[in-house]
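Listed below are the residues making up each chain.
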Amino acid sequence: MGIESQDLEEVADKMLRSILDTRVIAEAEKAPTVVLLPVENNTRFPINKDIFLSLIKARLNSEAKGKVRFLARDEMEAVKLEREQKRAGEYDYDPTKQAAKLLGGDYFLTGKLEGMSQKGREGASDYVLYTFKLIDAETTEEVWEDYAEMKKEGLDDVIYR
Amino acid sequence: MLVTAGCAGSGTQRFSDEELDALVADKPKGLCADYRRLYREGERNEVLNYCRIGAQALRLGLYDEAKDAFDRALAGIEVVYADSPQAKKARKLWYEERSKVFKGDPYERAMAYFYRGLLYYVDGEFDNARACFRSAQLQDAFAEEAQHRSDFAVMDYLEARCNMRLGRADMAGDSVDRAHEASAGHGGLSFPPLDPEDNLLVVLETGSAPVKWGDGKHGEYLRYKRGPSEEVSAKAFLDGSPLPAPLRSADVYYQASTRGGRELDYILGRQARFKESTEVIGEASARIGTGLLAYGLAETDEDVTKAGLAVGAVGVASLILSSRARPEADTRYWESLPDSIWLISAKVPPGRHDIEVAYMGSGGSALPRPRWHREVEVPGGNGVEAVVIVKR
Numbered sequence: 002m003g004i005e006s007q008d009l010e011e012v013a014d015k016m017l018r019s020i021l022d023t024r025v026i027a028e029a030e031k032a033p034t035v036v037l038l039p040v041e042n043n044t045r046f047p048i049n050k051d052i053f054l055s056l057i058k059a060r061l062n063s064e065a066k067g068k069v070r071f072l073a074r075d076e077m078e079a080v081k082l083e084r085e086q087k088r089a090g091e092y093d094y095d096p097t098k099q100a101a102k103l104l105g106g107d108y109f110l111t112g113k114l115e116g117m118s119q120k121g122r123e124g125a126s127d128y129v130l131y132t133f134k135l136i137d138a139e140t141t142e143e144v145w146e147d148y149a150e151m152k153k154e155g156l157d158d159v160i161y162r
Numbered sequence: 005m006l007v008t009a010g011c012a013g014s015g016t017q018r019f020s021d022e023e024l025d026a027l028v029a030d031k032p033k034g035l036c037a038d039y040r041r042l043y044r045e046g047e048r049n050e051v052l053n054y055c056r057i058g059a060q061a062l063r064l065g066l067y068d069e070a071k072d073a074f075d076r077a078l079a080g081i082e083v084v085y086a087d088s089p090q091a092k093k094a095r096k097l098w099y100e101e102r103s104k105v106f107k108g109d110p111y112e113r114a115m116a117y118f119y120r121g122l123l124y125y126v127d128g129e130f131d132n133a134r135a136c137f138r139s140a141q142l143q144d145a146f147a148e149e150a151q152h153r154s155d156f157a158v159m160d161y162l163e164a165r166c167n168m169r170l171g172r173a174d175m176a177g178d179s180v181d182r183a184h185e186a187s188a189g190h191g192g193l194s195f196p197p198l199d200p201e202d203n204l205l206v207v208l209e210t211g212s213a214p215v216k217w218g219d220g221k222h223g224e225y226l227r228y229k230r231g232p233s234e235e236v237s238a239k240a241f242l243d244g245s246p247l248p249a250p251l252r253s254a255d256v257y258y259q260a261s262t263r264g265g266r267e268l269d270y271i272l273g274r275q276a277r278f279k280e281s282t283e284v285i286g287e288a289s290a291r292i293g294t295g296l297l298a299y300g301l302a303e304t305d306e307d308v309t310k311a312g313l314a315v316g317a318v319g320v321a322s323l324i325l326s327s328r329a330r331p332e333a334d335t336r337y338w339e340s341l342p343d344s345i346w347l348i349s350a351k352v353p354p355g356r357h358d359i360e361v362a363y364m365g366s367g368g369s370a371l372p373r374p375r376w377h378r379e380v381e382v383p384g385g386n387g388v389e390a391v392v393i394v395k396r
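Chains G and C, in that order, give the protein sequences.
Per our numbering, the very first residue in the first sequence carries number 2; after that it's consecutive.
Per our numbering, the very first residue in the second sequence carries number 5; after that it's consecutive.
Heads up, a few of these hints could be off.
Okay, derived cross-link-like pairs now, DMTMM-like style, lysine to aspartate or glutamate, Cα gap no bigger than 25 Å in a straight line [stated by the list, open to error]: (1) C:K71 to G:E115; (2) G:K31 to G:D137; (3) G:K153 to C:E82.
What the hints contain is simulated information worked out from the structure, not anything from laboratory work.
Bound conformation, chain G alone (with noise of 0.2 Å):
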């Protein structure tokens, strides 16, 4: 029982198909920029929620080349560190690559974990809903979602009921 790698591989398959077919991707003129939010686990088992981003997001820049480009918020610290050192002269760099700005998101990208489970003499079953969305940054607008879903029965022998 339980989320296992198999469902990880399915599920981030399924979505990096679905996500590069949506219009915001497909037909882009550039390639819009994607910020990470954290998935909700709302679902009876502790997993380590983040790989399913973190996997979809590594297929998309290996498969889907230059149609999506990521930003790293969760190394915003580092980044801006190191900014601030350059442009104090601490470090070496070429300022033909200085940007102004750190780049903006066009879209959020997140999902959600939602599951049924029932237990007793009779077996256990757990349901487990994954959806993930891209949401307009600017607008909130969800542009694109879509789900998937798993189900797994079980019934232990007698000697642990």
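Using the hints provided, position chain C relative to the given structure of chain G.
Relative to the frame of chain G, chain C by itself:
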């Protein structure tokens, strides 16, 4: 899951002292003995030993080790042994139930989730903590009587607290209602009010784990008794000043003992009846066979002598079958669980503080033992809290 050096199946592992020394060399000193036991006892007691390690790590404040141990225990607990040869074997007449791979009784599985949930809570991963408390409640769904199913109310309360920290006041209210409903059947349990301004949660324990024992002539019926406890309550102090009185929020013995009968009890009962009947047949046959043999030899009656030998052989065979039948219930249990869980929730000034816990005896006086003591950094600001786990 387990280090496989030297492992062979689910039985006790044959490690030399030198091999065990090497295996535990990188473990914290206070956990070495438990890790040695883990490696020696192998797969059969792996979940139980990881639970013991997790509890000991909590006691020592080694939270990273505790997380790892409970993660491994929970991975074992979630395994479904549907067509497992070892589970089938453990149901057979000639094998003890305790030969099975230990997964724990529902209350033990729930407590493994409880501790892991607390550790997620300490780290501020409230959704993962909530998941653990939900799973803990789900483990309690096996009780025979409906009113005892999923009534481990402290799990609902802690789920409520997680929902509060996640900004889900609506879900928090539902969870708290479930907690009160679930605890209604067991008087004496209560929970701190949910207040997002509170920045200190103290989880403390008193008493000893429920003890499992085998009732019936052959120990075939699994029963529970309350563990021995010197302390009956506790008081906590912040920099020497009393914190609000702890509220008794869980009775672990109650959870264990209200499970009701197991499906396996019926199987073990039949095995016990087999053992008894073959014993009776064996003794009777042996007596008759001995009598016939003695008469046959005395009267030089070859037919009677042969009959005596035959009946005696049946008697011996029955006694052998009887002696090999193993209907005893599995009484392995997680000894480092508490009898009761208490909660304190408070709003205190942010900063570094000393927390002390004194344990009280039945007369209401503090027991003559050193107070539990730890320093804690209490944060300021809404929605963030320090969590102190006082593992007995």
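The hints, checked one at a time:
Annotation: proposed proximity of K71 (chain C) to E115 (chain G) holds, straight-line Cα distance about 24 Å (limit 25 Å). Proximity of K31 (chain G) to D137 (chain G) is assessed by CA-CA distance (about 15 Å); at most 25 Å being required, the pair is judged to hold. Taking the CA atoms of K153 (chain G) and E82 (chain C), the gap is about 12 Å. The hint holds against a cut of 25 Å.
In summary, the structure agrees with every hint in the numbered list given earlier.
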